[in-house]
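Be aware that the sequence shown starts at 1, since it is given in full-length UniProt numbering, and climbs by one per residue.
Treat each hint with caution, since some may be false.
Result set (DSSO-like, lysine-lysine): computed pairs, CA atoms no more than 27 Å apart in a straight line [said to hold, decoys possible]:
| # | residue 1 | residue 2 |
| --- | --- | --- |
| 1 | K173 | K274 |
| 2 | K214 | K341 |
| 3 | K53 | K8 |
| 4 | K226 | K274 |
| 5 | K330 | K372 |
| 6 | K372 | K418 |
| 7 | K302 | K267 |
| 8 | K53 | K214 |
| 9 | K214 | K333 |
| 10 | K333 | K254 |
| 11 | K173 | K221 |
| 12 | K296 | K254 |
| 13 | K274 | K369 |
| 14 | K81 | K214 |
By construction, these hints were calculated from the structure, which means they are not laboratory data.
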Amino acid sequence: MGVIKEGKVSGLIPSKEGFAVHYPGYPSSISRAIQTLGGTESILKARSSQSNKLELYFRPEDPYSHPVSGELRSCHSMLLKISRKKKNSSPINEAKEESEEFHADIVARIPEAYYFEGMADYQHVVPVHADIARRKRKNPSEMEEPHFQKKPGLIDMGPEDVMMLSPPLFSLKDVPENIVLRPPSTSSSKKKQDEPPETHSKMTFEPALGIDFKDVQEIPKKINWKEFITEGTPMWEWQIAVSELFEERPIWPKYSLIERLLDKNLKFTYQTLKRLLLTVGYYFSGGPFQKFWIRKGYDPRKDPDSRIYQSVAFRVPPELKSYCDDNAAKGLKHRWEDLCKFRFFPYRNQYSFQLYELDDDYIQQEIQKPPKQTSCTYETGWFSQHVHDSLRLCVKVRFLSIFPETGAEKFLKAASEKFMKSKRACIFKDAPKPVQEEHQQINEDHETLKNDTDAVDEAIENQIDTDDVEVDELDSDDGEEEFDVYGMDSAGEADNLSLNSYSRILYCAHPLLCSSVHRPIKNLL
Numbered sequence: 001m002g003v004i005k006e007g008k009v010s011g012l013i014p015s016k017e018g019f020a021v022h023y024p025g026y027p028s029s030i031s032r033a034i035q036t037l038g039g040t041e042s043i044l045k046a047r048s049s050q051s052n053k054l055e056l057y058f059r060p061e062d063p064y065s066h067p068v069s070g071e072l073r074s075c076h077s078m079l080l081k082i083s084r085k086k087k088n089s090s091p092i093n094e095a096k097e098e099s100e101e102f103h104a105d106i107v108a109r110i111p112e113a114y115y116f117e118g119m120a121d122y123q124h125v126v127p128v129h130a131d132i133a134r135r136k137r138k139n140p141s142e143m144e145e146p147h148f149q150k151k152p153g154l155i156d157m158g159p160e161d162v163m164m165l166s167p168p169l170f171s172l173k174d175v176p177e178n179i180v181l182r183p184p185s186t187s188s189s190k191k192k193q194d195e196p197p198e199t200h201s202k203m204t205f206e207p208a209l210g211i212d213f214k215d216v217q218e219i220p221k222k223i224n225w226k227e228f229i230t231e232g233t234p235m236w237e238w239q240i241a242v243s244e245l246f247e248e249r250p251i252w253p254k255y256s257l258i259e260r261l262l263d264k265n266l267k268f269t270y271q272t273l274k275r276l277l278l279t280v281g282y283y284f285s286g287g288p289f290q291k292f293w294i295r296k297g298y299d300p301r302k303d304p305d306s307r308i309y310q311s312v313a314f315r316v317p318p319e320l321k322s323y324c325d326d327n328a329a330k331g332l333k334h335r336w337e338d339l340c341k342f343r344f345f346p347y348r349n350q351y352s353f354q355l356y357e358l359d360d361d362y363i364q365q366e367i368q369k370p371p372k373q374t375s376c377t378y379e380t381g382w383f384s385q386h387v388h389d390s391l392r393l394c395v396k397v398r399f400l401s402i403f404p405e406t407g408a409e410k411f412l413k414a415a416s417e418k419f420m421k422s423k424r425a426c427i428f429k430d431a432p433k434p435v436q437e438e439h440q441q442i443n444e445d446h447e448t449l450k451n452d453t454d455a456v457d458e459a460i461e462n463q464i465d466t467d468d469v470e471v472d473e474l475d476s477d478d479g480e481e482e483f484d485v486y487g488m489d490s491a492g493e494a495d496n497l498s499l500n501s502y503s504r505i506l507y508c509a510h511p512l513l514c515s516s517v518h519r520p521i522k523n524l525l
């Protein structure tokens, strides 16, 4: 313990640590201060919680008392134990005053402390509790309750059984704040001037939510918006521009719509654009036209010609997303038209393109073919699964081939191989199969001839040599041939020639259909 001289003391700083509570008042005792803080259990609970808040109740006996919160902050303090000692300056002269010395001892370091800097909330003191406390201090003889005559239907209720419905908090903040409203900036005021004045019209909108592709069969009907918008206003001109785009094409991607409107030097907020689109269009929440704006009154699920407006998704491989994230963080963007023409690699990780807008010969050739399906499915729309996969892989190959950095070679190779396999699968599935069809027709004709002229067939069978070609043998040989999509021009032509000559032999073998009724088959070979 050192002596305090001129406000200074020297000593060793101990390793023991603690925390302090800057109590906002002068408690009567330490025990009372701990009681207002909720006791030692509440203090330990506040220390272990992550909120770093310590509540203090000035009236812990009152359940309606509102607490004040103390915030835990870091500090650089020390806990000192100060003592005062008296000593006589002169033992001979006892009449002289005794001098005092103050000693200080560093007990612990204080790295954290609770500060109560907020204001106390408004308090609602229930008068019932005050009246009960006042009566308890009186003599028992004076606390006799007067006897009132009970009325029928009333419930006996003691003076303490009074329900007080006071709010848990009167004030939401305990620290005063200065609120300064910012003046409107020049840009925002200019935008507000460009916006047309809001008119309270009777035009009603369907819910601005996507329509379920499978469950909802009824689509929004077309409305005459010209009856509700004043002609000559900016809103009228904007609505005319949006309506003309939907007359040009019934289905539009959002980015394509925005770019076309910007090319016409039309600029407005996103909320205004959404209002304009909801006036004349709607969109599906899923399916082959997901999030594409569709003209009201037009249902692409019932029109096979809508297949050219279907969506095809492109997702950047996870290993290449760093390129997109870096450029997107810089705020770089590409024109939608340039992306549809495969001029640049996208800066976003995922896009949904419209087949009609993609500048690719294979895609445009495939979407112009007659549809093979009679219904529009949720997964592939009006296309088969093979064709839909081919279109998606074609888009993937085109974008991976223009990736500006290294690292996309293996993805491009894998996508190209899948694309070629998918194209061969489409050709094999959609191409006509003349060999099987003509074989089936030959068998049917042969069965018909056999049923009609059993006697003639029996005579013909007797005249056939063992060296002649049998029908079963030819059928088995042709059935084992594999359909090659690459050699279809040469091999397919040869098969057709041999098959036609073979069918001509069977046709002439019937005596009723051939001029030489009694000519043997071996003479016709």
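Tested hints:
As the CA atoms of K173 and K274 are separated by approximately 38 Å, the hinted pair breaks the 27 Å bound. A threshold of 27 Å between alpha carbons decides the hint, and for K214 with K341 the separation of about 32 Å lies outside it, so the pair is violated. Taking the CA atoms of K53 and K8, the gap is near 34 Å; set against the 27 Å cutoff, the hint is violated. Proposed proximity of K226 and K274 is supported: the alpha carbons are some 17 Å apart, at most 27 Å.
Only pairs whose Cα atoms come within 27 Å are accepted, and K330 paired with K372 is rejected, the gap being roughly 45 Å. With a C-alpha separation of about 22 Å, the suggested pair K372 and K418 falls inside the 27 Å cut-off, and the hint holds. At roughly 35 Å between alpha-carbon atoms, K302 and K267 are farther apart than 27 Å, so this suggested pair is violated. With a C-alpha separation of about 53 Å, the suggested pair K53 and K214 falls outside the 27 Å cut-off, and the hint is violated.
The straight-line distance between the Cα atoms of K214 and K333 is roughly 35 Å, outside the 27 Å bound, and the hint therefore fails. As the CA atoms of K333 and K254 are separated by approximately 15 Å, the hinted pair is consistent with the 27 Å bound. Taking the CA atoms of K173 and K221, the gap is near 51 Å; set against the 27 Å cutoff, the hint is violated. Of the supplied pair hints, the one linking K296 and K254 holds, its CA atoms being roughly 16 Å apart against a limit of 27 Å.
With a C-alpha separation of about 35 Å, the suggested pairing of K274 with K369 is violated against the 27 Å cut-off. The hinted pair formed by K81 and K214 fails the criterion: a straight-line CA distance of about 79 Å is larger than 27 Å.
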